[in-house]
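Undergrad: Make a model of the complete structure from these sequences and hints.
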Amino acid sequence: MKYRTGVAAIAGVLMMAACQANGAAPAAESASLPPTAQAEIGEMREGSGILNGYLGAQRLPDSAALLPPPPVEGSAAAMADLEAYQTTRALKDTPRWTQAQADNELKFPQAIHSYSCALGVGITEEGAPHLYTLMRRTLTDAGFSTYRAKQMYQRTRPFALLEEESCVPHEEEMLRGDGSYPSGHAALGWAWGLVLAELAPEKADALLQRGYEFAQSRMVCGVHWQSDVEAGRVMGAATVARLHSDPVFLAQAKLAQAEIEAARTAGAVPEGCGAPEN
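Residue numbers (the working numbering): -13 to 264.
Treat the hints as calculated values from the structure; they're not laboratory data.
Incorrect hints may have been included.
Calculated lysine to aspartate or glutamate pairs in the DMTMM-like style (CA-CA distance at most 25 Å, straight line) [claimed, not checked]:
| no. | residue 1 | residue 2 |
| --- | --- | --- |
| 1 | K78 | D164 |
| 2 | K136 | D48 |
| 3 | K93 | E199 |
| 4 | K93 | E158 |
| 5 | K189 | E91 |
| 6 | K189 | E247 |
| 7 | K78 | E149 |
| 8 | K78 | E247 |
| 9 | K93 | E157 |
| 10 | K93 | E69 |
| 11 | K136 | E158 |
| 12 | K189 | E216 |
| 13 | K136 | E91 |
| 14 | K78 | E158 |
| 15 | K136 | E150 |
| 16 | K189 | E199 |
| 17 | K189 | E111 |
| 18 | K136 | E69 |
| 19 | K189 | E257 |
| 20 | K136 | E151 |
| 21 | K136 | E59 |
| 22 | K136 | E159 |
| 23 | K78 | E150 |
| 24 | K136 | E216 |
| 25 | K93 | E257 |
Computed spacing ranges between beta-carbons, pair by pair [claimed, not checked]:
| no. | residue 1 | residue 2 | range |
| --- | --- | --- | --- |
| 26 | Q137 | R45 | 17 to 27 Å |
| 27 | T251 | G60 | 56 to 66 Å |
| 28 | M65 | V255 | 37 to 47 Å |
Idealized CB from N, CA, C, for every residue including glycine.
TA: As structure tokens, this is what we get:
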């Protein structure tokens, strides 16, 4: 999908974004924007490393309305969740377990390294500031889209219910107080895959596979059930659908797409990715 927006329109919506997100310009200025539009899309919340999303709380999709309740204990669906979870226990201390631990990390730039590899372009603040900001802001929108249902159902996470170790023992105390259904990581990981697949359709398969596996890492990790992960993907897709009607997102997506194309033209490749993706 090509994001078509004129330079003047982009300038206007990015100036509006600066007001929305209380920010200043990305480190690398875009040559396609006039100086008055070189404003940062979001301001880091002090100490958190999280940017304001594009949608804001009032425009997020409502997970409590969109999703059915999680499986009832003792039901066939709950038994299927348990069986699926148990198949992942053999993965402990394997490379897949290590990947699940890496996929738990949401701090930037570590959070998006594997997506850079799938994209074949480095997603960095210096080299692709609009793409980098797009990833950070969509993380917020997709992740927080899950919280109404999380708070409504307060489902117990697998490691807590079964008294087993997760792949992130240092986070278990916090996770015990955070509802399992739906998965916020799955929502944002799938949203990232969808957005990047639109920006770089020639890499869509690799990017969507990365988004799918990022979500599956939550069950491998022992912190979510399969139905949590599947519901998270629904919310990720619902968030991306909402973003398609947001002029600021669309404007920044166009600039991010141009950064990807420029990096490809220059022959730039991300570091630390091993063999390039097909």
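Undergrad: Need the status of pair K93, E69: alpha-carbon distance at most 25 Å?
TA: Between K93 and E69 the Cα gap is close to 32 Å, so the pair fails against 25 Å, i.e. violated.
Undergrad: Does E111 lie within 25 Å of K189 when you go C-alpha to C-alpha?
TA: Cα-Cα ~21 Å, so holds.
Undergrad: Compare the distance between the alpha carbons of K78 and E150 with 25 Å, and conclude whether the hinted pair is satisfied.
TA: It holds: about 12 Å lies between the C-alpha atoms, which stays within 25 Å.
Undergrad: Taking only the CA atoms, is the gap from K93 to E199 under or equal to 25 Å?
TA: Given pair K93, E199 holds - Cα atoms ~18 Å apart, limit 25 Å.
Undergrad: Is the straight-line distance between the alpha-carbon of K136 and that of E150 25 Å or less?
TA: Holds, at roughly 22 Å.
Undergrad: For the hint 17 to 27 Å, verify it against the beta carbon of Q137 and that of R45.
TA: 18 Å Cβ-Cβ, so the 17 to 27 Å window holds.
Undergrad: Given the hint that K189 pairs with E216, test it: the Cα-Cα distance must not exceed 25 Å.
TA: The given pair, whose Cα atoms are some 23 Å apart, holds under the 25 Å limit.
Undergrad: Assess, step by step, whether the Cα of K78 is no farther than 25 Å from the Cα of E247, and give holds or violated.
TA: With Cα atoms ~39 Å apart, K78 and E247 exceed 25 Å; violated.
Undergrad: Run the distance test for K189 versus E247: straight-line Cα separation, threshold 25 Å.
TA: Roughly 12 Å between the alpha carbons, so the hint for K189 and E247 holds.
Undergrad: Has the given pair, K93 with E157, been kept, meaning a C-alpha gap of at most 25 Å?
TA: holds, 14 Å
Undergrad: Tell me if the straight-line CA distance from K78 to E158 falls inside 25 Å.
TA: holds, 16 Å
Undergrad: Checking one constraint from the list: CA of K189 to CA of E91, max 25 Å. Satisfied?
TA: holds, 23 Å
Violated hints for the displayed structure, listed by number in ascending order: 8, 10.
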